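Colleague: Protein sequences appear in the order of chains A and B.
Following the numbering used here, the numbering of the first sequence begins with 1 at its first residue and continues without gaps.
Following the numbering used here, the numbering of the second sequence begins with 1 at its first residue and continues without gaps.
Think of the hints as simulated: they come from the structure by calculation, not from any bench.
In this text the structure is predicted, and so the values were computed from the model without any measurement.
Check each hint, because a few of them may be wrong.
What the hints assert, rightly or not - As a list, the in silico BS3-like pairs of lysine-lysine whose alpha-carbon atoms are at most 30 Å apart:
#	chain 1	residue 1	chain 2	residue 2
1	B	Lys138	A	Lys81
2	B	Lys46	A	Lys216
3	B	Lys358	B	Lys344
As the list claims (entries may be wrong) - Incomplete in silico selection of chain B near chain A, CB under 7 Å:
#	residue
4	Glu122
5	Phe163
6	Tyr395
Said to hold, decoys possible - From the derived model, a few chain A residues whose C-beta atoms are all more than 10 Å from chain B:
#	residue
7	Ala21
8	Gly56
9	Leu69
10	Ile111
Glycine is no exception: its CB is placed at the ideal position from the N, C-alpha and C atoms.
Take a look at the letters that make up each chain.
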Amino acid sequence: MINMTNTILVIILLSVLLSLASNRLSALVRIMALQGVMVSLTPLFLEHHSNLGSGGLIFFQIMILIKGLLIPGLLFMAVRKVSITREIEPLIGYHASLFFGLVCILLSGYITSRLQVSLPAGHELLLITAITTLAAGLFLMMGRTKAITQVIGYLMLENGIYLIGTALTKQSHTLYVVEFGVLLDLLVGVMIMGIILHNINHAFDDVDTTLMRRLKD
Amino acid sequence: MIEFIFLLPMMTGIIALFLPVNLGRGVLVVTALLHLQVCVMGWMGKLEPIFGAFFGRSPEGMLVLLVTSFIFLFIAMYAVSYMAETSMQSEPIFIGCMLLFLGTMSMVALADHLIVLWIAIEATTLVSAPLIFINRSKRALEATWKYVLICSVGIALALLGCFFVTLSMDVAAINVPLTFTSLNAVAERLDPFWLSFGFIFIIIGYGTKMGLAPMHTWLPDAHSEAPSPASALLSGALLNCAFLGVYKFHTLMHLAGLGSFSSNLLIGFGLVSMVVAGIFILRQPDYKRMLAYSSIENMGIIAFGVGIGGIALYGALLHLIHHSLLKSSLFLSSGNILLGFGSKLVALVGGLTRFLPKTAVSFLAGFVGISGLPPFGLFISELCIIFGAFQAGHYLAAIVFIASLVLIVAGMAQIVTDMSFGGGDQVEILVGEGFFRVMPPYVLLAASIILCVWLPDEIYQTIINTISVIGGTIHG
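Extracted from the complex, chain B is given alone in its bound form:
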């Protein structure tokens, strides 16, 4: 039963709410391990859905699921060590909500029914809200309020979009179950007007959750105010889930022969996100906000790549995998810096290489990776997207794309070099580097390098299966 993949963390999550702290930490790591195992079993095709009307294995869903499960394992290890250092107030709630968060995200990845997908995405917002305001500081509360309200309204609009998609079915007098599998099969007969109308609402709705500009306003606040393990999850896993919502509807649009409409919307939103991120990343005084804006940029890149199609689509899905690995690694490293220096301001952090040498290496390496330089995977994916854009004749868009990439790399480089090598008068480090807070960022970085030089055949095949439906290839 494939439903076990999300039921397992949901059940343990609810139990963990009532467990004593030490036991809860154990449950967190053990569940993460088990989840990865069940997820791999799902990949091997050992699990069949019981509620086939609601859930199913789609290649894009399985891809997101594997990425989520993998990074969750290492974030969980990090979180245990992090919680021990910070003496968090309500730790059982944090652990429970982390597990519930994993459960709802897995549910998003496996959902096949339109409304079930919506329910799962809305549920991710609700269970991740406590993760952000766990410290109950004024700033955290403000960030959570914005997050919950903006995302809820956005997702409510996505529900409206789902109703319009249903209407496109009614207008065309088609009577099939409301699942992506069956809708894709009859896509050509759906009413094009209502389908396009619905897609606009869906891209605004799920785009809000994905952090596409101009609906991104909640993202820098929430990602910077959350405790670092939660930030890593929000950036590395949650954004992918929201993207999955957009992607599934984009596939439907493409099959209905409206691919150019949805592609243009995606290219537009993607470019706006990249430009906005580029503007705000320059001279950003807060390094966690810098990372958050970088997430907006990368989601923009993915949306752009999907919109371009062809080989860029392959690049976009590769980008999704590597961005998750690198960004969660960066957020974990920044958590170490925050613990060590006690501040999120770039101005108060300096001399990382002297005070936190191991973290400095992982932070710098993460920066190299997120900038799209080899040997990390974003190099290949961004190259694919640029290549695809030129090939498809989107010259102007490709130039804007490259310009914003350069802008962002320049903005980040200044901040990162300031932090790593700059002055740094403070010699007293509040919390040193523990093994379990140093190892996870390194493993995630290593995973990106390995996947860059050697992509396992199963993953490669899954990506090809995903993109071949809407005309993506790797043969330019």
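Chain A with its partners taken away, still in its complex shape:
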């Protein structure tokens, strides 16, 4: 039997690498939708999470809805509104970005083996994926100039943090009400960023953050 958790984690890793190499914004949003769904599914296949109550099931459904549908939908709208399809001039090239992603996987493997947390069997890959996703998210925020790619980088960072949370902590500590609050913050955050994005596009005729150089000392 194929190990479901590992399959999902590999898909997440591939989505991270794809997002580092892709220059089309709409493709990037689709990748984020896939990644969001996969990240929401991950806890369901972990052993110590297997006994879910009805509250848990509802929560995970909402989570898939928000991460897989609502947030990508908002991003899609933003991409269409600003009518930009490509990231033209990345600060760091796509091949270099891809290489960075691969180095990240290696490094996270090293970190995971050094941490010596008594992880349940099979969780090594989870932690590797989580750290890679987090680092790649930070990288996207710094290495790309379009404001919308930075939002996507932020989302990826959040996905990574969520994965670290599921990898490290036991389910008994997580109350769904609280997790729902975190999710709501994320959703509203993307909404607010979308509104600012729209205004930036309106005021600067572009969403390129290199145009924003007015405020400095």
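Use these hints to put chain B onto chain A, whose structure you have.
Modeller: This is chain B only, laid out in the frame that chain A set:
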């Protein structure tokens, strides 16, 4: 039900988004009044938490809550008059977001659960973003974008820190609710490695929001580009809330026996913030940015004082109260100057004493206060911190501390005297001084003077209760 303290402004805030302008202004002031009343009731112990798993009354939280509620009332009065003068584009959004901002900040003050605290702090970022870009100018948009992005990433790292703190519980095989109350009780048994590791992320995360250097880059932009009432709230109230996040985890570290580690981090960040603020405040061409850098400095002072501990800790909490009062007063005065002269550049402002005499007095008095001179409260608090630093044997740190204070006072003094007495060829004042835009800065200044000579027993006792947990005393 203590949750009412934050539910009230949240509900009225959402309603105010849909109200016509005049009604909305009324709602703003009435809610501010009611909030202060409910907050005082909370202080008197009349309100008990319903969701005890998430919220509770902690002395440090109640202190921040009272300060926030008090300054919000006067900022709300100012805002009403300010909005009438500036014909703001989307006023209902401004009013609604101000109230939501008050609600989320109250939630921070009352949160007892680790993640609920995180949710509330992230929510303050989100609801305050519209306050900054309300004018939709290019500069405001840039400031908001930086604010939202840098703070969101910072706070995301704090969430990571919270997970590590949870892990420190799992590793030690402790199973208690994830609240500060219960964690403090079992602090000694928590795994020290993961707790310290988590604290690093938390101080970086919440420190970003608090404006500690080198994560402060968003702060001067956001605080200077926001409309003045919003700047006053950001500086006077929001920074305290972020500090509360750091402080609660510092308490946990201290109880876990890792106090020296977190103290040293706080002292380090505090001193770096003060030095950075001192460097950037010299020859600062924009007076609102000058005030913003002064906020970074004061947050540095508070972090430094908390790190030193002992009597400096008492000084730090006093500093928090007085800084909120004085800085919000200064931002409100600077709002009057901005309305009058139509520019944020020091070079274009001159002769305040002639053109805006009442504002000139409050601006100068605020400057005297923020410089740490008597009769304002920062005099006592800074003295306590310096005294504590020498007593604890941090001689070098204390010298850097005093040197940066001197640097900042010198830098600000030049700017403030230029503005107050300097040339000033412009004789035409765009907007004069209205009563409701002059009174709030004066009241806030007066409050600082009064609290300096007479600290009510309840407040004193609350400060003592807060600091006694981590070994702070007032008996040097």
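Colleague: Could you run down the list of hints and mark each one as holding or not?
Modeller: Against the structure, the hints:
For the given pair, lysine 138 of chain B sits about 19 Å from lysine 81 of chain A by alpha-carbon distance, which is consistent with the 30 Å threshold. A hinted pair counts as satisfied when its Cα atoms are at most 30 Å apart, and lysine 46 of chain B with lysine 216 of chain A does not qualify at roughly 48 Å. Straight-line distance between C-alpha atoms of lysine 358 of chain B and lysine 344 of chain B comes to about 19 Å, which keeps the hinted pair within the 30 Å bound. Hint status for glutamate 122 of chain B: holds, given a least beta-carbon distance of 5 Å to chain A, under 7 Å.
With its C-beta approaching chain A no nearer than about 5 Å, phenylalanine 163 of chain B sits inside the 7 Å limit, and its interface hint holds. Restraint check, tyrosine 395 of chain B versus chain A: the minimum CB separation of about 31 Å is more than 7 Å; hint violated. Residue placement check: alanine 21 of chain A keeps its beta carbon more than 10 Å from all beta carbons of chain B (closest about 23 Å). The Cβ of glycine 56 of chain A sits about 16 Å from the closest Cβ of chain B, beyond the 10 Å cut-off, so the non-interface label holds.
Non-interface call for leucine 69 of chain A relative to chain B: holds, since the shortest CB-CB distance, roughly 21 Å, exceeds 10 Å. Distance check on isoleucine 111 of chain A: its Cβ is at least 12 Å (rounded) from any Cβ of chain B, clearing the 10 Å threshold; non-interface status holds.
Violated hints, in rising order: 2 and 6; the structure is consistent with all others.
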